[in-house]
Every structure is written in structure tokens, then in C-alpha cells.
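A.B. asks: What follows is each chain in one-letter form.
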Amino acid sequence: MRLEYFQMIDRIAALDLAARTIAIDCTLPEQSPIFEGHFPGYPIMPGVLMIETIAQAGGWLVMAGLRFRQMAFLAKVSEAKMRSFLAPGQAIRVEATQDHDGSGYAIVSGRIRSAGKLVCEATITYRVMNFPNPALREGLLEVARRVGVPAELMQDA
Amino acid sequence: MPATTFDKVADIIAEICGIDRATITPDSHAITDLGIDSLDFLDVAFAIDKAFGIKMPLEQWTQEVNEGGVSGDTYFVLKGLCANIDKLVAAKA
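Chain order of the listed sequences is A and B.
Heads up: the first sequence begins at 1 in the numbering used here, then just goes up one per residue.
Heads up: the second sequence begins at 1 in the numbering used here, then just goes up one per residue.
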């Protein structure tokens with residue numbers, strides 16, 4: 001994870017489009033400018049970045065289901081709960097399930113666990129739209145390859 | 001148009017958008033009369049999809065309206081919206 005670059009996803013551990021689920025393994029960096037401000041002397045991952053992490057996990061799930069023909073933009077966060085802290089270097093698993101595949105929108109519920117303990121949960125609504133330009137799609141496909149999206153899901157993109 | 005479809009849709013809109021249920025009529029336009037913005041409309045669409053077990057083809061409808069082939073009233077005036085919901089429910093059966 002590179003928090004300051006919004007690179008929240010290290011590696012997709014499991015992606016099941018039939019079940020509409022994704023699981024992602026990440027490790028918080030030992031050092032990040034984010035921790036300098038949040039908080040001085042007590043570095044913990046900001047709750048908004050926990051939500052962002054869930055949103056990115058769900059976004060990969062939604063876009064993989066669409067074979068990367070469209071982009072999932074964050075539209076709404078609901079039922080967000082930050083149950084405990086995450087410290088630098090801590091390993092986490094992010095799980096997300098697509099609850100609804102609407103026309104032009106999607107809804108995903110997700111959660112972060114660490115050592116099996118529930119840390120954060122949220123429900124995310126995405127606005128699903130055509131990519132606004134080719135550069136965004138190419139950039140996302142490059143990240144998709146890095147985080148381990150199966151190549152066959154990108155063939156039509 | 002079965003009354004139940006309009007009643008369900010009007011109840012959904014009233015609850016999600018915080019609109020007085022009494023002001024919602026079959027002739028209300030979701031956007032120009034009721035002022036539902038695009039984000040609230042996503043919530044309304046989700047609730048309708050769930051309540052009726054359908055997937056409203058919002059992208060197709062929007063494209064039809066934008067291309068000028070269909071009036072927005074067809075999909076965004078509630079009696080038109082409800083008629084289209086009924087068609088989707090019937091097609092599913």
C-alpha cells in the first residue's frame with residue numbers, strides 16, 4: 001500500500017465473479033507522510049482511507065464483472081463503521097461482495113479484517129459510466145495487471 | 001397502471017428523498033417537479049429494483065432520451081415510470 005498515492009490494493013487473493021466476491025491482501029506501510037499527520041506520535045490509518053480501501057476493492061470487483069468496459073466511480077458511502085485502529089506494518093484482508101448490479105450503478109458491501117478481527121465495514125454505491133478518456137482506462141488496466149486481475153477479464157477491454 | 005405500482009414507487013421516493021408523500025402524484029416529474037437529483041435517483045432505482053425484482057435499464061433509457069428518440073416524460077413522469085416498471089415485471093414473469 002502507498003497511502004499517499006491512493007494505492008490501497010496490494011494483491012487480489014481471490015476473485016469469484018459467479019459469487020460476486022473479492023478478497024484482497026494488503027500490508028500497511030511502515031512509513032508514510034499520512035502517518036506524520038495522523039497522528040503525530042500515534043500513527044494510525046485514517047478511517048477515510050479504510051473506506052477508500054473498501055471502495056477500491058469493490059471497484060475492482062465491479063469493473064472486473066464488466067470486463068473493464070466501464071468505470072466504477074464512488075458515489076455514496078453508507079453504514080460505515082470503524083471498529084478499531086490499524087497501525088503501520090499491519091496486515092489486512094479486504095473482502096467485498098456485490099449486493100446489486102444495477103443499470104449504471106452498483107452496490108457493494110465490504111469489510112476489512114486484521115488477524116481475523118473485523119476492523120471496518122461499509123456499503124458503497126458506485127456510479128458506473130463509460131471511461132471518460134482512454135488514458136484512465138489504460139492506467140487502470142496497468143494497475144489491474146499489477147494487483148493480479150486475471151488477464152482473461154481484461155481481454156475485451 | 002396498477003395502483004400498487006404507483007403507491008410503492010411514491011412511498012419509496014417519499015422515504016428516500018424526504019418528500020411529502022401527499023405531493024407525489026402520477027403526473028409528477030421525478031426531476032423537474034420532485035427535484036430528485038442524480039444521486040438520490042440511484043437510491044430510488046436501487047429500492048425499485050429490489051422491491052419489484054427487476055433491473056431498470058436506466059442506461060438504455062437515458063440514451064434514448066439523450067438521442068432525442070423518446071421524451072424524458074416516458075421514464076421520469078411517475079405514471080410513465082410505473083408503466084415501464086409494470087412492463088419489466090410482466091417480462092420477468
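Quick caveat, the hints were computed from the structure, so don't treat them as lab data.
By construction, the Cβ of each residue, glycine as well, lies at the ideal position given by its N, Cα and C atoms.
Possibly wrong hints are sitting among the right ones.
Covered by chain A, per the in silico footprint, the following chain B stretches (three or more residues, Cβ under 8 Å) [unchecked claim]:
#1 4-10
#2 19-27
#3 30-37
Part of the chain A face toward chain B, derived, beta carbon under 7 Å [as the list claims (entries may be wrong)]:
#4 Gly102
#5 Thr125
#6 Phe131
In silico DMTMM-like cross-links for lysine to aspartate or glutamate, where the CA-CA straight-line distance does not exceed 25 Å [said to hold, decoys possible]:
#7 A:Lys76 / B:Asp11
#8 A:Lys81 / A:Asp10
#9 B:Lys55 / A:Asp16
#10 B:Lys92 / A:Glu79
#11 A:Lys76 / B:Asp20
#12 B:Lys55 / A:Glu79
#13 A:Lys76 / B:Asp37
#14 B:Lys55 / A:Asp10
#15 B:Lys50 / A:Asp10
#16 A:Lys76 / B:Asp40
#17 B:Lys92 / A:Asp10
A.B. asks: Each hint should be assessed against the structure and marked as holding or not.
C.D. replies: For each hint, the structure was consulted:
no., hint, in the structure
1, 4-10, "violated (count 0)"
2, 19-27, "violated (count 0)"
3, 30-37, "violated (count 0)"
4, Gly102, "6 Å, holds"
5, Thr125, "6 Å, holds"
6, Phe131, "14 Å, violated"
7, A:Lys76 / B:Asp11, "22 Å, holds"
8, A:Lys81 / A:Asp10, "23 Å, holds"
9, B:Lys55 / A:Asp16, "22 Å, holds"
10, B:Lys92 / A:Glu79, "31 Å, violated"
11, A:Lys76 / B:Asp20, "24 Å, holds"
12, B:Lys55 / A:Glu79, "24 Å, holds"
13, A:Lys76 / B:Asp37, "13 Å, holds"
14, B:Lys55 / A:Asp10, "33 Å, violated"
15, B:Lys50 / A:Asp10, "34 Å, violated"
16, A:Lys76 / B:Asp40, "10 Å, holds"
17, B:Lys92 / A:Asp10, "41 Å, violated"
The structure shown violates the earlier hints numbered 1, 2, 3, 6, 10, 14, 15, 17.
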